[in-house]
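Residue numbers (this note's numbering), protein chains in the order written: chain A, 597 to 792; chain B, 17 to 478.
Examples of chain B residues lying across from chain A (beta carbon under 8 angstroms, computed): (1) H75; (2) L77; (3) I179; (4) R208; (5) D241; (6) R271.
Pairwise CB distance ranges (calculated): (7) B/Q197 / A/S664: 25 to 33 angstroms; (8) B/W46 / A/G679: 45 to 53 angstroms; (9) A/T670 / B/I205: 21 to 29 angstroms; (10) A/G679 / B/N37: 52 to 60 angstroms; (11) A/P627 / B/R309: 37 to 45 angstroms; (12) B/T121 / A/L669: 34 to 42 angstroms; (13) B/E146 / A/L776: 27 to 35 angstroms.
From chain A, some residues computed to sit far from chain B (all C-beta separations above 12 angstroms): (14) N634; (15) L635; (16) R652; (17) S655; (18) E658; (19) F662; (20) T670; (21) P678; (22) G679; (23) I682; (24) N684; (25) H698; (26) Q703; (27) S738.
Simulated from the structure, these hints should not be mistaken for lab results.
The beta-carbon is built from N, C-alpha and C at its ideal position, and this holds for glycine as well.
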Amino acid sequence: MANPTTRETILAAIGRGKPDLLPLPETIGFPPNISADNLVDSFMKMVQTNGGQAIRVTSLAEASAFLSEEYDLTLPILSRVPGLEISNFTPQEDLRLLVDLHLVVLQGIVGVAENAAIWLDETAIGIRAMPFITLNLSIVLSEKNLVGNMHEAYRLIDTSTGFGTFIAGPSKTADIEQSLVIGAHGSKTLTVFLLP
Amino acid sequence: MDTASPKHAKAAEAFLRDEENTDWHNETLWFVRSKRDRAAQSLPEWEQLREQASQIKAHTLSKLDDYLIQLEENARQNGIIVHWAANGDEHNQIVLDIMRKHKATKIVKSKSMLTEECHLNPFLIKEGIEVIDTDLGERIVQLRNEPPSHIVLPAIHLKKKHIGDLFHIHLGTEAGATDPQYLTEAARIHLRQKFLLADVAITGVNFAIAETGGFVVCTNEGNADLGAHLAKVHIACMGIEKVIPQAEHLGVFLRLLARSATGQAVTTYSSHFRKPAPGQEMHLVLVDNGRTRQLASPDFRNSLKCIRCGACMNTCPVYRRSGGHSYHTAVAGPIGSILAPNIDMKEYADLPFASTLCGSCTNVCPVKIDIHQQLYKWRQVLGEAGAVESTKKVGMTGMDVLFSHPWLYRFAGRAGRWFMQKFPSLANKPSLNPWAIHRDMPKPPEQSFRDWYAQQNQKKNG
Ligand code: SF4
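Here chain A stands alone, though its shape is the one from the complex:
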């Protein structure tokens, strides 16, 4: 539990030591460097740079067909995208069972063209561990929800949910002699479907 004396001591020391009030900058952020008609191209290029794959589809059926070609759908699969019904796995009370997940499909909320980060909050993710523990991750995103940069993204997203995350590719590491390896602890692949 919090130690009230420590708290008071720290706050008092800050009160004594802090500089005179300095203002916040009047404006925060910058307009995007990417024009509206280049959002899709830039986003798709960045998904690739980050080690994922981006595919433009015209319908969820197309995305679903692609997934059934790419993945063995008899393995544990969980989709949280309405209209993309390929789930065969029901999460149990015990989170540790999620380790069997082969593929998770989620609905992205906002995508950032500048870095291909996709915002997912608790409503999109469900059980928080899912996008991290699954072997393969797929995110469905509408082109209408692409923005240029992070400043625009923060204007749109709701940061008041319990948990939310920007995901920008499959998990990766370069900790062994700086060689890039895709698939550290999190998902080993990321496939993004862009819908109109």
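Assemble the complex: chain A is given as a structure, and chain B with the ligand must be docked to it using the hints.
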């Protein structure tokens, strides 16, 4: 008089003995620095972005108490249990108490330089708790019983051969295997077991947001998320300087952080924790450990703006050729050399001298900390406090005299050139000139720049 032993110089000497490794270290970090340059140049507003970040941080420091109170209040309302720790010992005790309350014996930890600073691991291990570092680089150095040598690239001092041998012993990989893909896969399997069995997860905090009462953790591997979402208890530990006012400000910092660190446009995972998940417990530990003292010092308070991107290390010519361990402190490199003497002036008196003061660190810092100027100031503070080794002090006093008497400076230059031309072997003798260790002295120019400049002027005018 207290004198600091030149620990950094001694340790650097040992690192430099393996010339091939030193070259590799130097070149690899320069490669990361070059990636950072390309990432920075891809944003036309880069310099203004740095300025905004710096101003947001300056403003936050000027209201740090208000923002911490706001953070605490909002976090509590979100169901997070908030703790305050004056120093490393209190921090460690808080963590242990939480462990005991839950009868927990296994911790998975994602990278947190704060817990390194507080020496949490040895403390918990002594109490019989299993602590597993889960960032791949951190796990590697943990298996070697070493601290990280870099805040972003913890195992940057090691080659894949070292790691192959290490994993062969500890994880049972094939002898002689060095393929990074194969070794990473082995670590993935090994660490998955640890994630699944841990009772408690500890993460660091990249940014805490006063407005929302939440905090953000950035990783590429996803280890912080796997740990925090699978364990029943999540403890997030942060230095009090990590708070920022509003969520909107994250847009500025997230654009700067990964670009400055590794040249990526953004980290793979930027996770915003705000409330514990149903059935889980979330703690936030706010740690001072010398930060309020740093805040009270006008000369050094700017160092509290640091977002721990590591760019100043990657660019530092001394860091690149001496290795992170030579700094004998948790945060190495230029910024660590400012922070460490604040914690223990005597122990770390050598670090502000482990710099060329070339200013490269200041140039790359995404929050515009005047790093090299603070290092220079530390040298003066340490000199006045008598914490400087006597040989360096003589050198500094000499320089003081030289710089405050322009005529003497000019004469000294001429005398030096004459001396080095006549007796080059003496100038190159390490016992007489410490600068000649590991380097040949350059050939002195025939003419000083000042004389050359005067001559050019004469030519032009005459
Ligand atoms: S001082 Fe600046 S460059 Fe160095 S780690 Fe901190 S933020 Fe990065």
